[in-house]
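Engineer: Protein chains in written order, with our numbering: chain A, 1 to 168; chain B, 1 to 203.
Treat the hints with care, as some may be off.
Quick list of simulated restraints, FRET-style, between CB atoms [claimed, not checked]: (1) B:I163 - A:E58: 23 to 29 Å; (2) A:L85 - B:D177: 49 to 55 Å; (3) B:K97 - A:E154: 44 to 50 Å; (4) A:L85 - B:N110: 20 to 26 Å; (5) B:R185 - A:K56: 36 to 42 Å; (6) A:K12 - B:A84: 51 to 57 Å; (7) B:S162 - A:K105: 33 to 39 Å.
The calculated DSSO-like cross-link candidates involving lysine-lysine, where the alpha carbons are at most 30 Å apart (straight line), are [stated by the list, open to error]: (8) A:K43 - B:K102; (9) A:K43 - B:K96; (10) A:K151 - B:K130; (11) B:K68 - A:K49; (12) A:K157 - B:K147; (13) A:K105 - B:K96; (14) A:K42 - B:K147; (15) A:K49 - B:K102; (16) B:K97 - B:K112; (17) A:K39 - B:K58; (18) A:K157 - B:K168; (19) A:K56 - B:K96; (20) A:K42 - B:K168; (21) A:K42 - B:K102; (22) A:K157 - B:K96; (23) A:K83 - B:K10.
Worth flagging that the hints you see were computed from the coordinates, not collected in a lab. It should be emphasised that the depicted structure is a prediction, and the values quoted were computed from it without experimental measurement. All C-beta atoms, glycine included, are put in the ideal place defined by N, C-alpha and C.
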Amino acid sequence: MLEKIKIRLPKKEKSIEKFFSSCEKRKKFVQDIENYNEKRLKKSKHDLKAAISEFKEENWDWTVVKAYYAIHHAGNALLSKEKLLFSKDHSCLVIALAHYNLIDKQLFQKLSKIAEQFHNTLSIDIAFELRKIGQYDVERWEDITKEDAEKVLEIAKEFIAYVEGRIC
Amino acid sequence: MLIDVLPATKAKMRILNTIYNNRDINIRNIIKLSKTSPNLAVDYVNKLEKYNIAKIKKIGGTKKNYVKAVSFNFKAPLSRFFYAIIEISRKEELIKKYAILKPFIAQIENIKSGIIVLIYGSYARFAADKESDVDLWVVGNINKTVKRDIEEIFVTLPVKYSIGIETKKEFLKKIRDAIHQNILRDKVIIKNENAFFEIPAKL
Numbered sequence: 001m002l003e004k005i006k007i008r009l010p011k012k013e014k015s016i017e018k019f020f021s022s023c024e025k026r027k028k029f030v031q032d033i034e035n036y037n038e039k040r041l042k043k044s045k046h047d048l049k050a051a052i053s054e055f056k057e058e059n060w061d062w063t064v065v066k067a068y069y070a071i072h073h074a075g076n077a078l079l080s081k082e083k084l085l086f087s088k089d090h091s092c093l094v095i096a097l098a099h100y101n102l103i104d105k106q107l108f109q110k111l112s113k114i115a116e117q118f119h120n121t122l123s124i125d126i127a128f129e130l131r132k133i134g135q136y137d138v139e140r141w142e143d144i145t146k147e148d149a150e151k152v153l154e155i156a157k158e159f160i161a162y163v164e165g166r167i168c
Numbered sequence: 001m002l003i004d005v006l007p008a009t010k011a012k013m014r015i016l017n018t019i020y021n022n023r024d025i026n027i028r029n030i031i032k033l034s035k036t037s038p039n040l041a042v043d044y045v046n047k048l049e050k051y052n053i054a055k056i057k058k059i060g061g062t063k064k065n066y067v068k069a070v071s072f073n074f075k076a077p078l079s080r081f082f083y084a085i086i087e088i089s090r091k092e093e094l095i096k097k098y099a100i101l102k103p104f105i106a107q108i109e110n111i112k113s114g115i116i117v118l119i120y121g122s123y124a125r126f127a128a129d130k131e132s133d134v135d136l137w138v139v140g141n142i143n144k145t146v147k148r149d150i151e152e153i154f155v156t157l158p159v160k161y162s163i164g165i166e167t168k169k170e171f172l173k174k175i176r177d178a179i180h181q182n183i184l185r186d187k188v189i190i191k192n193e194n195a196f197f198e199i200p201a202k203l
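Here chain A stands alone, though its shape is the one from the complex (with noise of 0.2 Å):
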């Protein structure tokens, strides 16, 4: 299913600036708590135990919806410790990160790809984007598989590694 994903995030650096600038208009960017960033990353680690737990359990959809808060988590994590700032909008917080420069091209891509797929298929957001449940989530959920929530696993692992590196 992942693969068949074609990403939508701007890719090219003056798309990226142009997305980051309508994120900024819409106030996606809230200034954040000095050392916030701690309560954070180890949020984000919580949330990555979980998900291997649901992995374990071969709850391939909730495997997903908990590596992706915890790639969520792990991303504000970033962007609070590098610029005192943190985004409740995850594709608001991927332009930031790649806008910023602190994640490379590569990392950008994945996690764009992350962003695009399962903020439809779990309506992820579901606190800000009600009309997107019953539309996706009951009936695409049972599409995701265990390669699926392999991938996002791995991902969250690498990205969340990654962030611990930057900020501990």
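Add chain B to chain A, keeping to what the hints say.
Structural biologist: Structure of chain B alone, referenced to chain A:
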């Protein structure tokens, strides 16, 4: 002067470490293991003795000719300070040699609890390779939350790890067995050096 006894050079630090790690060690072995000159070793040992940081037993021989057996004195007023220098330096060395441990040690230090966390085994002996496990020992009253926090910290560690958990009372009770003697000999304290000081001091 007190300043003369501070381990402010690498050679002095090596001498101090050698005494700390080897109970009742003679001068010849201090020179050999610390790879320092005889003059420096003798002079520094005398200074450590003057400030009670090293205690010296006279073994065998005559009144004029005897062997000096040197040990670290945990009971002197300045011992805690020197002990902290030694243990913090070991932790720094560990992080320098095994960079993968750095973020994990930083996160362990951040846990809000009075627990002591040690690394023992091949990493503490500075002999670990890619296949080596990280062996951890936690000493203290540990609750479910702290246990969970520790396990979550190591979730991204790229090598295998093991965690042993004991209260301080249990640790002291078993201190003479082989595992605990190994831990005492080859360990790096990664959290709460101050609290661990009481353990060797009690022996």
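Engineer: Straight-line Cα separation of K49 of chain A and K102 of chain B no greater than 30 Å?
Structural biologist: holds (20 Å)
Engineer: For the pair we were handed, K97 of chain B and K112 of chain B, check the Cα-Cα distance against 30 Å.
Structural biologist: holds (27 Å)
Engineer: Check the hint pairing K157 of chain A with K96 of chain B against an upper bound of 30 Å on the C-alpha distance.
Structural biologist: Since the Cα atoms of K157 of chain A and K96 of chain B sit roughly 23 Å apart, the hinted pair holds (cutoff 30 Å).
Engineer: For a C-alpha distance cap of 30 Å, please report whether K83 of chain A and K10 of chain B respect it.
Structural biologist: Not satisfied, since the Cα-Cα distance of roughly 39 Å exceeds 30 Å.
Engineer: So the hint says 23 to 29 Å: do the beta-carbon atoms of I163 of chain B and E58 of chain A match that?
Structural biologist: With a Cβ separation near 26 Å, I163 of chain B and E58 of chain A satisfy 23 to 29 Å, so the hint holds.
Engineer: Does the structure keep K157 of chain A and K168 of chain B at a Cα separation of 30 Å or less?
Structural biologist: Violated - the C-alpha atoms of K168 of chain B and K157 of chain A are around 34 Å apart, more than 30 Å.
Engineer: Are the Cα positions of K43 of chain A and K102 of chain B separated by 30 Å at most?
Structural biologist: OK: K43 of chain A and K102 of chain B at ~19 Å, within 30 Å.
Engineer: Does K157 of chain A pair with K147 of chain B here, judged by a C-alpha cut-off of 30 Å?
Structural biologist: Holds: K157 of chain A and K147 of chain B sit about 21 Å apart, inside 30 Å.
Engineer: Return holds or violated for the Cβ distance of L85 of chain A and N110 of chain B against the range 20 to 26 Å.
Structural biologist: holds (22 Å)
Engineer: Given a hint of 33 to 39 Å, does the C-beta separation of S162 of chain B and K105 of chain A actually sit inside it?
Structural biologist: Once the Cβ atoms are compared, 38 Å apart, the range 33 to 39 Å for K105 of chain A and S162 of chain B holds.
Engineer: Between K105 of chain A and K96 of chain B, is the straight-line Cα distance small enough, at 30 Å or below?
Structural biologist: holds (29 Å)
Engineer: Just to be sure I understand the hint, the distance between the Cβ atoms of L85 of chain A and D177 of chain B should be within 49 to 55 Å; is that true here?
Structural biologist: holds (52 Å)
Of the numbered hints listed earlier, those contradicted by the structure are 3, 11, 17, 18, 19 and 23.
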